[in-house]
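Given chain E's structure and the hints, the job is docking chain V onto it.
Below are the chains, spelled out letter by letter.
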Amino acid sequence: MVAAVAEQADRVGIGWRGPLAAGILANLDRIEIVEVMADDFVDASASSLRALRTLAAQVPVTMHGVSLGLATAGMVDPRRLERIGRVVDRVGPESWSEHLAFVRAGEIEIGHLAAPPRTASTVEGAALNIERAARTVGARPLVENIATLIDPPASDRDEATWVAEVLVASDADLLLDLHNLHANATNFHFDAHGFLRRVPVDRIGAIHLAGGRWVTSSDETGGERRLLDDHLHDVPDPVYDLLVEVATRSPRPLTVILERDGRYPPMEHLLAQLDRARQAIAKGRQQAAAA
Amino acid sequence: MSLRVESFLARLYVDAGARQRFLRDPDVVARRYGLSEAERAAFVAIDRVGLELAAASFARKRAGGRRRRRLLRLIERLARG
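Protein sequence lines, in the order shown, are assigned to chains E and V. Quick note on numbering: the numbering used here labels position 130 of the first sequence as 130, and the sequence is numbered without any gaps. Quick note on numbering: the numbering used here labels position 27 of the second sequence as 27, and the sequence is numbered without any gaps.
None of these hints come from the bench; they were simulated from the model. Hints may contain errors.
[Unchecked claim] Here are the computed lysine to aspartate or glutamate pairs in the DMTMM-like style, where the Cα-Cα straight-line distance is at most 25 angstroms: (1) V:K61 / E:E220; (2) V:K61 / E:D230; (3) V:K61 / E:E109; (4) E:K283 / E:D241; (5) E:K283 / E:D191; (6) V:K61 / V:D47; (7) V:K61 / V:D15; (8) V:K61 / E:E224; (9) V:K61 / E:D234; (10) V:K61 / E:D43; (11) E:K283 / E:D237; (12) V:K61 / E:D219; (13) V:K61 / E:E268; (14) V:K61 / E:E32; (15) E:K283 / E:E259; (16) E:K283 / E:D151; (17) V:K61 / E:E165; (18) V:K61 / E:E259; (19) V:K61 / E:D151; (20) E:K283 / E:E32; (21) E:K283 / E:D10.
It should be emphasised that the depicted structure is a prediction, and the values quoted were computed from it without experimental measurement.
This is chain E alone, in the form it adopts within the complex:
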């Protein structure tokens, strides 16, 4: 089951990855929360789950899923939900989260997070699936906005409208990925700060930070550049600027997680990014106090 936690202060932490494990454990005085990939543990042995539970006894742990595909007009796979529910039950994180994405259609596995058409059908489908997830796992997931390289076809509303509608329909809180927002705003030419003013700021329960790189299409499609969210690079400056704005406007304590999935730099380099996130939050809180 999900552990009951009283949110009292802003916290900054990092995603748990095997190559970072030693660095994380050696620096728990500078890491206030750890996010664990739930999907990595659905087939884990009892000893691996015990180790994770031991970790959760030392530092607050939240779990994050990538494979459910909640944002679909169809029904989430109940077997996958049950497997995530078993992991959550055995580890006892303080919360869990999933993406507002579809990842499969029938027998077709896309292999990653795809943006669904932004329509009333996917708002309704996402809300129903979030409710199913809440019933099976025993706690409502936070839901994360995703990065997309393609403007999803057959959409009849923009991303901010769609995300806000899902939050209202599902009663879920938002895991706001600021690099996903930055990448989408860059690629599809909208104002990321305007997006923040259009989603309910009091529903932001957690924040993701990450980095990315440019990718270029072929000559056939004009050699256009788009920003890919790859979790392999440092957090860029505009993402910290967005964090300042969230901290200025959010009435709730913020839980901020740095996501890094490879090309690992020295731990001190990642810890410096956590410190910079703390500085951004402090700046936002000071601006709020002065207003």
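Chain V only, in chain E's frame:
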């Protein structure tokens, strides 16, 4: 918006042959898939840059996912002794 739209989009992401046929004649291919007139119009106007880049990104992720799952299975076997 029907589940058929999601299914068609997923097919375009993972099947390079289907994607090429679609890009040559989107309306005909979308019609064969059973999409409505409004849905077909949306796919005719698809973001072609995004389709190409997203499909390439998903292909890399599928390959990386297979490697990751093999590694996790190996770690679990080692943990079990």
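Hint-by-hint comparison with the structure:
no.	hint	verdict
1	V:K61 / E:E220	holds, 23 angstroms
2	V:K61 / E:D230	holds, 10 angstroms
3	V:K61 / E:E109	holds, 11 angstroms
4	E:K283 / E:D241	holds, 10 angstroms
5	E:K283 / E:D191	holds, 21 angstroms
6	V:K61 / V:D47	holds, 21 angstroms
7	V:K61 / V:D15	holds, 14 angstroms
8	V:K61 / E:E224	holds, 21 angstroms
9	V:K61 / E:D234	holds, 20 angstroms
10	V:K61 / E:D43	holds, 20 angstroms
11	E:K283 / E:D237	holds, 14 angstroms
12	V:K61 / E:D219	holds, 23 angstroms
13	V:K61 / E:E268	violated, 28 angstroms
14	V:K61 / E:E32	violated, 30 angstroms
15	E:K283 / E:E259	holds, 22 angstroms
16	E:K283 / E:D151	violated, 33 angstroms
17	V:K61 / E:E165	violated, 29 angstroms
18	V:K61 / E:E259	holds, 16 angstroms
19	V:K61 / E:D151	holds, 19 angstroms
20	E:K283 / E:E32	holds, 19 angstroms
21	E:K283 / E:D10	holds, 12 angstroms
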